[in-house]
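Visitor: Read top to bottom, the protein sequences are chains A and B. Residue numbers for the first sequence follow my numbering, beginning at 1 and rising by one. Residue numbers for the second sequence follow my numbering, beginning at 1 and rising by one.
Rather than coming from a laboratory, the hints here were simulated on the basis of the structure. There may be inaccurate statements among the hints.
To be verified - Result set (DSSO-like, lysine-lysine): computed pairs, CA atoms no more than 30 Å apart in a straight line:
#  : chain 1 : residue 1 : chain 2 : residue 2
1  : A       : K15       : B       : K153
2  : A       : K15       : B       : K257
3  : B       : K39       : A       : K15
4  : B       : K149      : B       : K236
5  : B       : K257      : B       : K100
6  : A       : K15       : B       : K148
7  : A       : K189      : A       : K167
8  : B       : K151      : A       : K270
9  : B       : K7        : A       : K160
10 : B       : K272      : A       : K15
11 : A       : K15       : B       : K7
12 : B       : K100      : A       : K79
13 : A       : K126      : A       : K177
14 : B       : K148      : B       : K236
Okay, here's what each chain looks like letter by letter:
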Amino acid sequence: MDKSDHELNRRQFLKSSAIAVGALAAVGAGVGYLQKVTAENRINQKFLRPPGAIDESTFIYGCIKCGLCVQICPIQAIKLAGIKDGLAYGTPYIDVRNQACDFSCDSMQCVETCPTAVLYFKQFKKEGEKAIEKYGATHERNAEYNPFPVQILAMKSIVKMGVAQVKQDSCLAFQGKGFKGTPRGSDFKGINRSPYTGDAKATPVSEKVYDEKICNICVKECPIGETAIVMADEGNGNLVPEVLSGCTGCGVCVMVCPTEEPSIVVEPIKS
Amino acid sequence: MFGKNNKTPLPPKKKEDIPYIKEGIKFKDWKAKNGSAHKWRTIRWSVLIGINLLFVLSFMFDLSLLEGSLSGSRLFGFYLMDPFNSLQMLIISAYTGHIKLLTMNFIIGFATIFIFYFLMGGRTFCSWICPYHFLAEWGEKLHNYLVKKKKIKEHTYNIYLRYVFWAGFLILAFVTQQLVFENINPIGILSRSMIYGPGLVLLWILALITFEIVYSKRFWCRYVCPVGATYSMVGKLSPFGVKFELDKCAHCLDCQKVCLVPHELWFVEKGKATSKRHDVGSDCTRCGLCIDACPGNALSYTVKGLDKIL
Chain A
1 MDKSDHELNR RQFLKSSAIA VGALAAVGAG VGYLQKVTAE NRINQKFLRP PGAIDESTFI
61 YGCIKCGLCV QICPIQAIKL AGIKDGLAYG TPYIDVRNQA CDFSCDSMQC VETCPTAVLY
121 FKQFKKEGEK AIEKYGATHE RNAEYNPFPV QILAMKSIVK MGVAQVKQDS CLAFQGKGFK
181 GTPRGSDFKG INRSPYTGDA KATPVSEKVY DEKICNICVK ECPIGETAIV MADEGNGNLV
241 PEVLSGCTGC GVCVMVCPTE EPSIVVEPIK S
Chain B
1 MFGKNNKTPL PPKKKEDIPY IKEGIKFKDW KAKNGSAHKW RTIRWSVLIG INLLFVLSFM
61 FDLSLLEGSL SGSRLFGFYL MDPFNSLQML IISAYTGHIK LLTMNFIIGF ATIFIFYFLM
121 GGRTFCSWIC PYHFLAEWGE KLHNYLVKKK KIKEHTYNIY LRYVFWAGFL ILAFVTQQLV
181 FENINPIGIL SRSMIYGPGL VLLWILALIT FEIVYSKRFW CRYVCPVGAT YSMVGKLSPF
241 GVKFELDKCA HCLDCQKVCL VPHELWFVEK GKATSKRHDV GSDCTRCGLC IDACPGNALS
301 YTVKGLDKIL
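Next up, chain A with everything else stripped away, as it sits in the complex (with noise of 0.2 Å):
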């Protein structure tokens, strides 16, 4: 190649850079301004995040967007956010009114999955030793003792999604109000496994079929179980739900609630 060509080559290519340059700032700035409208709604108070989710402003860059959680989860609660959501675009989220995490996995298998720990699963090893060690102690007295429940127990009572908020206004139970039926109709696709029957698997809520005086099938579903939801005294007698420490924003309670709009909603948890 002659030097002329070798000069012709460079302009085209500093020409084009400049293009490049060009694009890319187009697409930081692009990028600036969609931090900007977000940075007011941020997202981590829109989203429900998986199990195990660390803080937002990390897994915002750490998620890759594989979706291998979504490809994990056997109830398929997990979905992947659409371009609508701007930068979050890919990742995952809970929409828990259509369908909760309910752990009936039992194994948290949306965080071991994870291959860049932004669901990340340290936490919930060192919540598992804990149990075994419980374990230890309970199978002296038990030889039969079954150790798993002890340590899923343990898991599940680490993850902290959000915090469940009933909301008084429409609640049935505050009104007094009993329920009778499905709670979300027989069309419903969710499915839970409920505490209280013993099966293994996930059912459909469509096929629960319930007769209470005061609505309370909120605490009834609730995988957690009495650390996390009760029907307490409101202080005049009657029964209502109440939310308490232990809540791990899985949203169970969401998908099951009978009224219109639910009554219980879930919070996500801000960084």
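Model the placement of chain B on the given structure of chain A, informed by the hints.
Guide: Leaving out everything else, chain B in the frame of chain A:
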């Protein structure tokens, strides 16, 4: 860089050394005789569609074959990671300290991809797996048709533009602490759309392919894609590639016409080759279109070093 070549080229072939004159037939007849089938293209498209289908079916029927998407996946339980995505993530997390938490699975996935494409020729990914490459090939056909009909003009840029974008996207990721590129990455977008269902984001792919059809041929793959640039660097010293034998070449340049990166086939032009045999560089996607197109079988797949022993 800039196509510099310090070796002196061999003198141009004598007329009697050109293959079809040697055989005593006309160029047209020689070309028809050797005929160009679409052997490698058929194989390649089958592999490309097969792999992407495997992703879709694995999710659809909950099989543990090839889970995840092209951004990150698991093949029979072994993790595989997209190198550019991981690189962005590594740079940010090295700064923020998240790097300490990264799992062994991530390291295995990153290393596996690195070693595999180091051996197989980096950009092999592009033409054998990337779903956008497949779309763009059809866009290219349409583009070529429009150019032939003189409806549009061809626009080319410098091939090294990719590295400017590569560095630019890394800097952007670091500055904004977001995986900026993944939001516009057609590989990830198409892969996720196929597996988890389509979304509005596909409009971006439509815009991209339209731009390629009406303005600049294969714009994204040639001048922008930092994933391709990463693979290009990974496969710099790859043993697997395409070799060129000067003796069988008639300088018809059919190979350059079908090639995504014609600058890698610089040696097929008359009087340019500096030795009897040449190997293509790391920008080559090993797609095999040139092998199918060559009437004299002057181009073929090779494993450097191995073919000398055999």
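Visitor: Each hint needs a verdict: does it hold in this structure or not?
Guide: Tested hints:
For the given pair, K15/A sits about 19 Å from K153/B by alpha-carbon distance, which is consistent with the 30 Å threshold. Our distance criterion of 30 Å between C-alpha atoms is met by K15/A and K257/B, whose separation comes to about 25 Å. Taking the CA atoms of K39/B and K15/A, the gap is near 39 Å; set against the 30 Å cutoff, the hint is violated. This hinted pair does not check out: K149/B and K236/B have alpha carbons roughly 38 Å apart, beyond 30 Å.
As the CA atoms of K257/B and K100/B are separated by approximately 49 Å, the hinted pair breaks the 30 Å bound. Under the criterion of a C-alpha separation no larger than 30 Å, the hint pairing K15/A with K148/B is consistent with the structure, at around 27 Å. Taking the CA atoms of K189/A and K167/A, the gap is about 24 Å. The hint holds against a cut of 30 Å. Distance check on the hinted pair: K151/B and K270/A sit about 56 Å apart at the alpha-carbon level, beyond 30 Å; violated.
Taking the CA atoms of K7/B and K160/A, the gap is near 65 Å; set against the 30 Å cutoff, the hint is violated. For the hint pairing K272/B with K15/A, the CA-to-CA distance comes to about 27 Å; that is within 30 Å, so the pair holds. Annotation: proposed proximity of K15/A to K7/B holds, straight-line Cα distance about 28 Å (limit 30 Å). Among the hinted pairs, K100/B with K79/A is consistent with the structure: their alpha-carbon atoms are about 27 Å apart, no more than 30 Å.
Restraint check: the Cα-Cα separation between K126/A and K177/A comes to about 43 Å, which exceeds 30 Å; the hinted pair is violated. A C-alpha spacing of about 35 Å is found between K148/B and K236/B, which places the hinted pair above 30 Å, so the restraint is violated.
Going down the numbered hints, you'll see the structure goes against 3, 4, 5, 8, 9, 13, 14, while the others check out.
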